[in-house]
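Colleague: Line order of the protein sequences matches chains A and B.
So for the first sequence, this note's numbering puts the first residue at 30; every next one is plus one.
So for the second sequence, this note's numbering puts the first residue at 79; every next one is plus one.
In case anyone wonders, no lab produced these hints; they're calculated from the structure.
Careful, some of the hints might be misleading.
[As the list claims (entries may be wrong)] Below are the EDC-like pairs computed for lysine to aspartate or glutamate, each with C-alpha atoms no more than 20 Å apart in a straight line: (1) A:K119 x B:D84; (2) B:K227 x A:E108; (3) B:K190 x B:D203; (4) B:K304 x B:D156; (5) B:K189 x A:E108; (6) B:K270 x A:E82; (7) B:K128 x B:E191; (8) A:K124 x B:E191; (9) B:K329 x B:D371; (10) B:K227 x B:D203; (11) A:K153 x B:E81.
What you are looking at is a predicted structure, and each value in this text was computed from that prediction instead of being measured.
Okay, here's what each chain looks like letter by letter:
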Amino acid sequence: MTAKILIFSCNWDGWSCIDSAANAGLSYPVSVNIIKLTCLSSLNAGFMLKAFEHGADGVMLLGCQNQQCRYGQFDNSIEIECDKAREIIKMLGVKGDRIMLARLAPFDGRGFIEQLNGFIHGIKNPAIPAGAQKADKP
Amino acid sequence: MSELKDIIRQTKAHFCLDCGKCTAVCPVSRYDQQFSPRLIVRKALRHPEKIYADRNIWSCIGCNMCTIRCNYNVSFVDFIRYLRMKSREHGMEPVYNHSGVTESVMHLMGKKETRQDRLDWIPQDINVSPSADTAFFVGCAPYFDSIFKDIGVKSTDSPIGAMRLLNRAGVAFTVLANERCCGHDLILSGDKSGFINLGQANIHEINKRSIKKIITACPECYYTLKIDYARFFPDWHMEVQHLAEVPDIIKIEVNVGEKGRNRPKVTLHDSCKLGRYFRKYDEPRNILRTLADAELIEMEYNRDNALCCGANPWMFCGSVNKQIQDERLRQADATGADFLITSCPKCQIHLTCAQRSNGQAEEKIKIVDMYHFISERALKEND
Ligand code: SF4
Ligand code: SF4
């Protein structure tokens with residue numbers, strides 16, 4: 030199984046890493062999708078859960094290193110939201126590390142690919158096993 | 079078309095006289111001039127094709143004030159639920175609050191394959207009997223604990239208090255390790271397939287354990303399991319009881335010191351479901367007075383007239399909802415009571431959210447869950 034990963038990346042250092050990886054000809058599996066945001070601080074647990082609801086096996090959040098936020102959002106809100114989402118998916122019975130927060134230096138394409146591959150290798154099973162999702166008529 | 083006719087008949091909407099009493103008492107209409115239950119019924123009867131796209135059908139908070147006032151008992155909330163279902167079929171979607179986290183949790187719970195790990199929060203002192211044929215239905219409080227951490231609400235206080243009361247009353251019960259959300263908010267928001275998934279999964283869990291009776295402390299679970307499951311699942315004949323009506327609860331021997339001394343002053347916020355839907359007003363008041371020896375000061379609007387906590391099923395929470403909540407908090411403050419007692423985890427969340435967003439929550443009336451309040455006050459052992 031190749032894990033389906035959704036990446037939320039900030040527009041700044043996070044995105045620069047993805048860009049650099051592409052420029053350097055590094056690749057990642059096709060089961061990885063990326064959504065670009067202005068800043069990770071605009072993201073909350075609801076969006077991470079939505080990814081799992083739609084079949085993601087893992088969610089990666091890619092952003093700037095601490096104190097590097099272009100908007101001065103140093104309040105750790107994304108850490109808080111990650112913890113919330115981790116607690117919720119644990120209660121839902123999803124096993125293992127499914128949410129990864131990676132804060133990288135600008136243009137670290139190689140670092141991004143290494144972290145992503147490590148994350149994917151750690152995911153052995155689907156978050157929620159696929160099966161009939163539509164209800165039978167009552 | 080004939081389906082709409084059926085619903086109009088079932089909900090008695092064709093009896094609507096256009097009298098406007100519903101709109102006069104509706105808390106949403108008071109703050110949102112565009113919203114009128116009377117007009118929605120009228121539009122649906124005259125131009126059914128247009129009603130599904132009408133933004134107003136999403137504003138109703140389901141408080142049932144209108145039906146209580148209606149001389150013809152038009153069951154407006156059922157009508158609205160149906161319009162929302164149809165509206166979804168026509169491609170409309172509500173806007174969820176909290177980035178849809180509650181909706182996703184409900185959908186994830188609704189999957190057949192989901193095996194939850196949701197009982198960590200139950201304290202050691204609570205005695206759960208795995209072989210009992212009565213189940214205590216917890217509700218979504220464990221999830222709310224994580225989701226609403228930031229506003230400082232601990233929703234599991236409610237089921238913990240309730241289970242302690244059951245223990246003390248000698249009622250043996252089990253809990254379901256893989257209990258799903260009852261589905262109240264999905265069906266109210268017109269998400270029928272989501273609701274059916276949750277219902278089927280719950281019924282499967284319950285049948286697997288040969289449960290004969292369900293007790294719950296959450297008014298919405300109570301309504302959904304008792305009324306809506308019977309409507310949507312023809313084989314569902316379960317006995318469902320609300321904690322406040324379990325006969326042994328009121329007989330618990332309590333320890334509140336000398337009765338009548340140091341009585342805490344409390345006011346009770348009636349939940350819409352236990353209140354206007356079931357008209358059970360005395361049951362919570364009795365256990366509050368008898369077990370907690372509390373001095374109950376009623377708000378100006380109570381029982382049938384109690385104002386709702388103002389929130390929709392986790393969608394479209396906005397200025398109208400906030401104004402309703404603020405009004406309710408002003409009514410509670412006006413009683414001079416020290417505690418505003420809620421009997422539904424969601425009322426506690428929404429009212430606390432409003433109180434906090436007004437600042438200085440510490441100076442205001444303290445919002446506390448009823449079962450937590452009673453068990454903390456009455457079940458403590460003597461030192
Ligand atoms: S249920 Fe409540 S909010 Fe909805 S229309 Fe009736 S009175 Fe208004
Ligand atoms: S009142 Fe309720 S629905 Fe509205 S923001 Fe607060 S917690 Fe959310």
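Colleague: Does each hint hold? Answer for all of them.
Modeller: Evaluation of the provided hints:
1. A:K119 x B:D84: violated (43 Å)
2. B:K227 x A:E108: holds (14 Å)
3. B:K190 x B:D203: Violated. B:K190 to B:D203 sits at ~32 Å, over the 20 Å cutoff.
4. B:K304 x B:D156: Holds. B:K304 to B:D156 sits at ~15 Å (cutoff 20 Å).
5. B:K189 x A:E108: violated (28 Å)
6. B:K270 x A:E82: holds (17 Å)
7. B:K128 x B:E191: violated (39 Å)
8. A:K124 x B:E191: holds (13 Å)
9. B:K329 x B:D371: Satisfied, since the Cα-Cα distance of roughly 13 Å is no more than 20 Å.
10. B:K227 x B:D203: Answer violated: B:K227 to B:D203 is near 24 Å, above 20 Å.
11. A:K153 x B:E81: The given pair, whose Cα atoms are some 47 Å apart, is violated under the 20 Å limit.
Hint violations for this structure: numbers 1, 3, 5, 7, 10 and 11, all remaining hints satisfied.
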